[in-house]
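J.: Listed below, chain by chain, are the residues.
2 protein chains.
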Amino acid sequence: MLTDAQKSDFVIIGGVAAGPKAAATLARRVPNASITLFQREEHLSYATCGFPFFASGEVNSFEELLKTSFGVVRDAEFFRNVKGFSAITSAEVTRIDRKKKTITAKLLETGETVEHGYGRLVIATGATPTRAPMPVPDSSRVRPFTRPADVIDFRQNAQRGEIENAVIVGGGFIGVELCEAVKDMWGIEATLFEKQSQLLPYMLDKEMAAIVQRSMVSEGVDVVTDADVVEIQLDAEGKPVVSVRGREPLSTDYVFLCLGVQPEVSLARDCGLDIGETGGIRVDQFLRTNDADIFAGGDCIESRHAITGKPCYLSMGSLANRHGRVIAENLAGETTEYPGVLGAFVLRAFETHIGGVGLCEQPARDAGFEVRSVWGSFSDRPDYNPEVKTLSLKMLYEEGTNRLLGLQAVGKGDICRRVDVFSSLLRQGALVDDLFDFEHGYAPPFAEALDPLHHMAGIAAAGQRNVTFVSPDIASVSIGNDDVLLDVRETDEANTELIPIPLSETSEKIVVIPLTELRDRVGELDRDRRVLVICRRGMRAYHAALILQAAGFERIEILAAGLLAQW
Amino acid sequence: MLTDAQKSDFVIIGGVAAGPKAAATLARRVPNASITLFQREEHLSYATCGFPFFASGEVNSFEELLKTSFGVVRDAEFFRNVKGFSAITSAEVTRIDRKKKTITAKLLETGETVEHGYGRLVIATGATPTRAPMPVPDSSRVRPFTRPADVIDFRQNAQRGEIENAVIVGGGFIGVELCEAVKDMWGIEATLFEKQSQLLPYMLDKEMAAIVQRSMVSEGVDVVTDADVVEIQLDAEGKPVVSVRGREPLSTDYVFLCLGVQPEVSLARDCGLDIGETGGIRVDQFLRTNDADIFAGGDCIESRHAITGKPCYLSMGSLANRHGRVIAENLAGETTEYPGVLGAFVLRAFETHIGGVGLCEQPARDAGFEVRSVWGSFSDRPDYNPEVKTLSLKMLYEEGTNRLLGLQAVGKGDICRRVDVFSSLLRQGALVDDLFDFEHGYAPPFAEALDPLHHMAGIAAAGQRNVTFVSPDIASVSIGNDDVLLDVRETDEANTELIPIPLSETSEKIVVIPLTELRDRVGELDRDRRVLVICRRGMRAYHAALILQAAGFERIEILAAGLLAQW
Numbered sequence: 161m162l163t164d165a166q167k168s169d170f171v172i173i174g175g176v177a178a179g180p181k182a183a184a185t186l187a188r189r190v191p192n193a194s195i196t197l198f199q200r201e202e203h204l205s206y207a208t209c210g211f212p213f214f215a216s217g218e219v220n221s222f223e224e225l226l227k228t229s230f231g232v233v234r235d236a237e238f239f240r241n242v243k244g245f246s247a248i249t250s251a252e253v254t255r256i257d258r259k260k261k262t263i264t265a266k267l268l269e270t271g272e273t274v275e276h277g278y279g280r281l282v283i284a285t286g287a288t289p290t291r292a293p294m295p296v297p298d299s300s301r302v303r304p305f306t307r308p309a310d311v312i313d314f315r316q317n318a319q320r321g322e323i324e325n326a327v328i329v330g331g332g333f334i335g336v337e338l339c340e341a342v343k344d345m346w347g348i349e350a351t352l353f354e355k356q357s358q359l360l361p362y363m364l365d366k367e368m369a370a371i372v373q374r375s376m377v378s379e380g381v382d383v384v385t386d387a388d389v390v391e392i393q394l395d396a397e398g399k400p401v402v403s404v405r406g407r408e409p410l411s412t413d414y415v416f417l418c419l420g421v422q423p424e425v426s427l428a429r430d431c432g433l434d435i436g437e438t439g440g441i442r443v444d445q446f447l448r449t450n451d452a453d454i455f456a457g458g459d460c461i462e463s464r465h466a467i468t469g470k471p472c473y474l475s476m477g478s479l480a481n482r483h484g485r486v487i488a489e490n491l492a493g494e495t496t497e498y499p500g501v502l503g504a505f506v507l508r509a510f511e512t513h514i515g516g517v518g519l520c521e522q523p524a525r526d527a528g529f530e531v532r533s534v535w536g537s538f539s540d541r542p543d544y545n546p547e548v549k550t551l552s553l554k555m556l557y558e559e560g561t562n563r564l565l566g567l568q569a570v571g572k573g574d575i576c577r578r579v580d581v582f583s584s585l586l587r588q589g590a591l592v593d594d595l596f597d598f599e600h601g602y603a604p605p606f607a608e609a610l611d612p613l614h615h616m617a618g619i620a621a622a623g624q625r626n627v628t629f630v631s632p633d634i635a636s637v638s639i640g641n642d643d644v645l646l647d648v649r650e651t652d653e654a655n656t657e658l659i660p661i662p663l664s665e666t667s668e669k670i671v672v673i674p675l676t677e678l679r680d681r682v683g684e685l686d687r688d689r690r691v692l693v694i695c696r697r698g699m700r701a702y703h704a705a706l707i708l709q710a711a712g713f714e715r716i717e718i719l720a721a722g723l724l725a726q727w
Numbered sequence: 161m162l163t164d165a166q167k168s169d170f171v172i173i174g175g176v177a178a179g180p181k182a183a184a185t186l187a188r189r190v191p192n193a194s195i196t197l198f199q200r201e202e203h204l205s206y207a208t209c210g211f212p213f214f215a216s217g218e219v220n221s222f223e224e225l226l227k228t229s230f231g232v233v234r235d236a237e238f239f240r241n242v243k244g245f246s247a248i249t250s251a252e253v254t255r256i257d258r259k260k261k262t263i264t265a266k267l268l269e270t271g272e273t274v275e276h277g278y279g280r281l282v283i284a285t286g287a288t289p290t291r292a293p294m295p296v297p298d299s300s301r302v303r304p305f306t307r308p309a310d311v312i313d314f315r316q317n318a319q320r321g322e323i324e325n326a327v328i329v330g331g332g333f334i335g336v337e338l339c340e341a342v343k344d345m346w347g348i349e350a351t352l353f354e355k356q357s358q359l360l361p362y363m364l365d366k367e368m369a370a371i372v373q374r375s376m377v378s379e380g381v382d383v384v385t386d387a388d389v390v391e392i393q394l395d396a397e398g399k400p401v402v403s404v405r406g407r408e409p410l411s412t413d414y415v416f417l418c419l420g421v422q423p424e425v426s427l428a429r430d431c432g433l434d435i436g437e438t439g440g441i442r443v444d445q446f447l448r449t450n451d452a453d454i455f456a457g458g459d460c461i462e463s464r465h466a467i468t469g470k471p472c473y474l475s476m477g478s479l480a481n482r483h484g485r486v487i488a489e490n491l492a493g494e495t496t497e498y499p500g501v502l503g504a505f506v507l508r509a510f511e512t513h514i515g516g517v518g519l520c521e522q523p524a525r526d527a528g529f530e531v532r533s534v535w536g537s538f539s540d541r542p543d544y545n546p547e548v549k550t551l552s553l554k555m556l557y558e559e560g561t562n563r564l565l566g567l568q569a570v571g572k573g574d575i576c577r578r579v580d581v582f583s584s585l586l587r588q589g590a591l592v593d594d595l596f597d598f599e600h601g602y603a604p605p606f607a608e609a610l611d612p613l614h615h616m617a618g619i620a621a622a623g624q625r626n627v628t629f630v631s632p633d634i635a636s637v638s639i640g641n642d643d644v645l646l647d648v649r650e651t652d653e654a655n656t657e658l659i660p661i662p663l664s665e666t667s668e669k670i671v672v673i674p675l676t677e678l679r680d681r682v683g684e685l686d687r688d689r690r691v692l693v694i695c696r697r698g699m700r701a702y703h704a705a706l707i708l709q710a711a712g713f714e715r716i717e718i719l720a721a722g723l724l725a726q727w
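So the sequences go chain by chain: A and B.
Residue numbers are given in this note's numbering: position 100 of the first sequence equals residue 260, and the series is strictly consecutive.
Residue numbers are given in this note's numbering: position 502 of the second sequence equals residue 662, and the series is strictly consecutive.
Next comes chain A alone, as it looks inside the complex:
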């Protein structure tokens, strides 16, 4: 029999995001409950998402990632004194006994094993790095970037100047952030290998990811897509050597394995809880497992996508925090539903901001939607504002119903607002026309009189009426021998900012007539030819297309989002 000290009303496994949030909320809602949290690691509630910024040096000490806004470290004492629950660190839970309602934990500092009873249990075991599919040596210089030890080790090495170049395997969220961390701050030469044919797969569509890739290349990162890393070995001096199919082996000082994460579900699986098709713990809309006394949240659970209704897996600190609250409220006797996820994200790669929410093209098609896409490039504030920056957007919506499906955003401009607003619109099942009714905060320091989202609705409407937009996926644009590339930028722009390859390979087909002169000079063009109209952002090309239409041209296409999406 366990003594009272060996039992708690609520036991929480996991001490990073969902766990402490659930425990703290519970302590507020059920003031007299006993709550014990077990955390495998030494640190509690550390800001995992801040790791790249500690690695880069932007955040000065690792302790910063453990502190509250008032400078106090979130350790067991803090949680006891302020939040009102017990946290036991360096304690690895090895078993859940659902019949006896106990957990078994190994205290890592002493090796001792303890049993602890629970009334109800919360599993917040997080995620673990995806196992490398290729042979990888056992070396401190070849490692993932998920645990405090990983980031502290890199930072120490970087500070000592022992890393001149690094290889990042995997071009997802963390891989892209790390390129900036190593390159921009420490001057480390970075090579990024991504297995797929684009960066940020599943987050962006290919042509939007291409904008990110070009910006990273311009910052000096060697980005290699379609890169099949077959093996990583150590040379005689213990230096990593990365072998990519079809390339010379690359010797490097450090290898980051950024292959994504998988839900950590072994405890849950071993005690017979349902695991979903995505590999995460299956929970209902209250975040309850198939055991009514066990809830689960954070990176270890499977979510439901708000648009498709299908299971999906997303690892996000923002979601984990919200899981914690929902679980605590349900445990406290309230009835709180967790809605489906939309997958909103933002990230930064050097000066390029990247974001999105909702579905990308392929997942949308897979879910049975007939997808329409529109693109645009915009200023994020008036062009007379010296701080003006641009951004390119892609919006997906459903043919016929015009229901919004997703937004992708890339550029140096303010993308967060647009992602957040679009997320709010997706949550309500909004249509393209609802974008017109969005009332944004407007003043020249912050915004244009019409928001890019208003323009996106206009582009969608224009595309449905009378104009054909060509995807900015430039490689897919075919220019026949009889076609004309009509550049409607002002002559000085056309002379100084050249049309990039592969369009420039067809430079003899380029005709420059500025939009401001087109109405008078339209006779210079052959009505029977197919005309692809090009400008900087896509807006002038649209006006040009209308002038051509009025003049009797029939085969007119516009390079969507303009050349801004090609640089």
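Mixed in with the good hints there might be a few duds.
The list cannot tell twin chains apart, which means a pair is met if one copy fits it or any two copies do.
[Stated by the list, open to error] In silico DSS-like pairs for lysine-lysine, Cα to Cα no more than 30 Å straight-line:
1. Lys167 x Lys261
2. Lys227 x Lys549
3. Lys167 x Lys260
4. Lys572 x Lys549
I should point out that these hints are in silico values taken from the structure, not numbers from a laboratory.
With chain A held as given, fit chain B onto it using these hints.
T.: Just chain B now, with coordinates in the frame of chain A:
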């Protein structure tokens, strides 16, 4: 009889925002229509909202405010060549004859009068400065700030160094922006007189406006509220002297009359169109006047508020642009409704960002809502991010239904996202709980794991459960002799960042017990006293209140939004 050249299918009166937007959209939707726009002034489609930034020098030349993103001036030639409509400038429309369906215009350069027939008419006559209610001399040094001549004149004077100090009469949107323009950029000493007891009346509630006022004072602006300007005269040398009731007359180099604007409706009224109770032209949901052939948009119309359903008047370039599109679509035979307005706004005063959307307290009560308010202060990104900044929010919602009514935001942090998202939520009639389901884009360079809007929902829920929040309107906080002010900040914070007047007048009542020690030291406090808990942002005070509650205290209040809303 008018010749064909003296008639147009569509005539538009007004060439700044709604007018050109309507004309350009019409030209696209009805390609063969004849469209003629009459503009009283020399310039077309100038960026009125950019005036303060040209005045300040941030925007270098006035021409920038007339240019497209590709550097071409939006003049009559541009509109003809690119947008496909005729614009006649320096042409003041003096009369509308609804029976004959003609307008009469005076060509200001020649003095000639012309008549022009219309099929359908758009009135976009904008707004004019509100007439000063006090005697004001006829002087180029005492003027409003609404026309190009106003702003160009000030800029020339400032550049010549002829203005050492200036008085701004009126603390609304433009008055506040102008303080920054004159002070920050030209070093001109600024005095702002506002008649009401707060800045930005009708836009912010008093305690939120107080944050703005303190920040402007800290930038060196002399802000005087409750200032009744009774007269402005010129002294013997022609220098303006401003007389405020109860103060010494103030001699100054320049006076800006920022008394707001009124819809310019004389043409509409004279031809018998309905004028609404707010003074704007009355239009239906299609922006059509009581004459089916006449539409109106921009700053000259009366709007309907989306939340109250009542008439209201708002002068905003962003709304004017949207009016233009709606009018054009309806004229083109589509059926496009213009929804009620939410009044979203953002502005900048030095480094302080200000924004809001929806209703303030008094208008909400006047509309019959039982209003609840909550406040909070937050970081706009993780505290370990060196670029972190704070913001304070006030949220209004309806008692009982929990329907969201309004948001106000002040701070150096990123407020635009929150105003925009809240605007989108208000449009859908969202409830407090819907804020929890808002999925924002999260990454440390841009955001916290939980958005301030999530916290606001949490504060509303906490306030409904068990804690009393005291308005940050510090003057209204009464501290009796038996009360305790409990400062739960860390000791070093309490020592360095003092509690401001008038609370500090009660300094003998202040007890400092850091939150991290409160659970152990709660015995030092007298249970029977009323305790007002204070911290930096309000969050620690909330946790402290829960600890006090658990210890049996019964009269506990929290200073909402913390001291951050007091500096």
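J.: State for each hint whether it applies.
T.: Status of the hints after comparison with the structure:
Taking the closest pair of Cα atoms, lysine 167 and lysine 261 come within 30 Å of each other only inside a single copy of the chain (10 Å); across copies the shortest separation is 87 Å, beyond that limit. Taking the shortest Cα distances, lysine 227 and lysine 549 sit within 30 Å of each other only across copies (16 Å), while inside one copy they are farther apart (34 Å). In this assembly of identical chains, the alpha carbons of lysine 167 and lysine 260 lie at most 30 Å apart only when taken from the same copy (12 Å versus 90 Å across copies). In the homo-oligomer, the alpha carbons of lysine 572 and lysine 549 lie at most 30 Å apart both inside one protomer (6 Å) and across protomers (20 Å), since each shortest distance falls under that limit.
Violated hints: none; the structure is consistent with every hint.
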